[in-house]
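K.L.:
Both chains are sitting in their own frames, so use the hints and assemble them into the complex.
These are the residues of each chain, in order.
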Amino acid sequence: EAQVTQNPRYLITVTGKKLTVTCSQNMNHEYMSWYRQDPGLGLRQIYYSMNVEVTDKGDVPEGYKVSRKEKRNFPLILESPSPNQTSLYFCASSFTGGNQPQHFGDGTRLSIL
Amino acid sequence: SQKIEQNSEALNIQEGKTATLTCNYTNYSPAYLQWYRQDPGRGPVFLLLIRENEKEKRKERLKVTFDTTLKQSLFHITASQPADSATYLCALDYGNNRLAFGKGNQVVVIP
Numbered sequence: 124e125a126q127v128t129q130n131p132r133y134l135i136t137v138t139g140k141k142l143t144v145t146c147s148q149n150m151n152h153e154y155m156s157w158y159r160q161d162p163g164l165g166l167r168q169i170y171y172s173m174n175v176e177v178t179d180k181g182d183v184p185e186g187y188k189v190s191r192k193e194k195r196n197f198p199l200i201l202e203s204p205s206p207n208q209t210s211l212y213f214c215a216s217s218f219t220g221g222n223q224p225q226h227f228g229d230g231t232r233l234s235i236l
Numbered sequence: 020s021q022k023i024e025q026n027s028e029a030l031n032i033q034e035g036k037t038a039t040l041t042c043n044y045t046n047y048s049p050a051y052l053q054w055y056r057q058d059p060g061r062g063p064v065f066l067l068l069i070r071e072n073e074k075e076k077r078k079e080r081l082k083v084t085f086d087t088t089l090k091q092s093l094f095h096i097t098a099s100q101p102a103d104s105a106t107y108l109c110a111l112d113y114g115n116n117r118l119a120f121g122k123g124n125q126v127v128v129i130p
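Same order as they appear, the protein sequences are chains A and B.
As numbered in this note's numbering, the first sequence has no gaps in its residue numbers, which increase by one up to the final residue, 236.
As numbered in this note's numbering, the second sequence has no gaps in its residue numbers, which increase by one up to the final residue, 130.
Excised from the complex, chain B in its bound form (with noise of 0.2 angstroms):
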């Protein structure tokens, strides 16, 4: 069965470090992944999107590598502050213009 798997602990990272967030996938073959950020009791928040024939993308303190070969994408937010604290979600399209998101993966900045 097709599924996208985000690590369900929390990430807790120090103010300034690197974070970085996993996401796997199986039995997709997705043309496109997107990242999303999600704060308590609001809408998912569009980030980056990646494209397979892209290794990888940058926004600012972002950065999104896509390994069709691993079926991976890593997300990474260099030098965290605390208001990167959120929940992290990726989403990949699998045809039919359909969006499937994973559970999403939470991180903490503390100070």
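So here's chain A without its partners, still in its complex pose (with noise of 0.2 angstroms):
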């Protein structure tokens, strides 16, 4: 089944532990982004990629890092998480760039206190 797995799906924790939220996707797409939905601002998007070893960076990335070694993984990371942080995260891939439809994750809900 084609699908974009993120990992976990919850996840509360406290100000300055690293996480990482991994992500990947298995129909071999190019381009990969990382969204975080807040009530009110609705989807922002955080960073994307579009081929391994290629990142970019979206809207909202202050705090947040991102890595694309593989073609089906690309992980979000959080260094040092503050609770303005605390969000729903999705992740979401497709075949070549932002102009074609997303196959987005069911999403990561993220608390940092």
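No lab work stands behind these hints, which were simulated from the structure alone.
Given the structure is predicted, the values throughout are model-derived calculations rather than measurements.
No residue lacks a Cβ here, since even glycine has one placed at the ideal position from N, Cα and C.
Please note that the accuracy of each hint is not assured.
[As the list claims (entries may be wrong)] So the derived label-pair ranges between C-beta atoms look like this:
id: 1; chain 1: A; residue 1: Met150; chain 2: B; residue 2: Glu34; range: 30 to 38 angstroms
id: 2; chain 1: A; residue 1: Thr219; chain 2: B; residue 2: Arg61; range: 22 to 30 angstroms
id: 3; chain 1: B; residue 1: Gly60; chain 2: A; residue 2: Pro206; range: 16 to 24 angstroms
id: 4; chain 1: A; residue 1: Asn151; chain 2: B; residue 2: Glu73; range: 24 to 32 angstroms
id: 5; chain 1: B; residue 1: Pro101; chain 2: A; residue 2: Ile200; range: 36 to 44 angstroms
id: 6; chain 1: A; residue 1: Asp179; chain 2: B; residue 2: Val64; range: 23 to 31 angstroms
id: 7; chain 1: A; residue 1: Glu176; chain 2: B; residue 2: Gln21; range: 27 to 35 angstroms
P.N.:
What follows is the structure, given as structure tokens:
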């Protein structure tokens, strides 16, 4: 089954404790991206990647890092999480770009205390 | 500044009627516009994509229009059903393969 898989689905942690949210897709997509969704603000793009070893900032990249060492994986790294990063996070992928249908994961709900 | 506007008020509609949602944008010149459906606690699901040189696109009971002069897209659900109740998001590309989303418009179909 074609899918985008995120882990964990839920995480409660404390300020400053590094965490990684994994994202994997099995569709051989070149384009992957991360979004956060907050009430009243909608979906905002954090980072995106056009292909392996190519990443670019989205609209809200501060406090986040990403890497794209393999085509299928695109982890989101919070080196020193803060409470304002409490949010619902989505990973998405598409064949070649943002102008194509995006396949989303089921989301990761992060709470930073 | 760039802005994508969708109605923040939920649209309550009787089953069987046509639901129409609006997506307005400013300071963008997208070549593509997309519509997604999102259910509570789930990721958005792609529905339709329309290109700037297309006026209208249909898929089953769904229809999308794209007016680049008005900077507006309309999304129609004909013969609406309770299962159509969800939040619908419009999204547009704005260069460098970046994608911006509206905040979404909730639809509630009343049996």
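K.L.:
Confirm or reject each hint.
P.N.:
Hint by hint, here is what the structure shows:
1. A:Met150 with B:Glu34: 30 to 38 angstroms: holds, 35 angstroms
2. A:Thr219 with B:Arg61: 22 to 30 angstroms: The hinted range 22 to 30 angstroms holds for threonine 219 of chain A and arginine 61 of chain B, with Cβ atoms some 25 angstroms apart.
3. B:Gly60 with A:Pro206: 16 to 24 angstroms: holds, 22 angstroms
4. A:Asn151 with B:Glu73: 24 to 32 angstroms: holds, 27 angstroms
5. B:Pro101 with A:Ile200: 36 to 44 angstroms: Since proline 101 of chain B and isoleucine 200 of chain A have Cβ atoms about 41 angstroms apart, the given range 36 to 44 angstroms holds.
6. A:Asp179 with B:Val64: 23 to 31 angstroms: The hint (23 to 31 angstroms, Cβ to Cβ) holds, given that aspartate 179 of chain A and valine 64 of chain B are roughly 25 angstroms apart.
7. A:Glu176 with B:Gln21: 27 to 35 angstroms: holds, 29 angstroms
Comparing the model with each numbered hint stated earlier shows that all of them hold.
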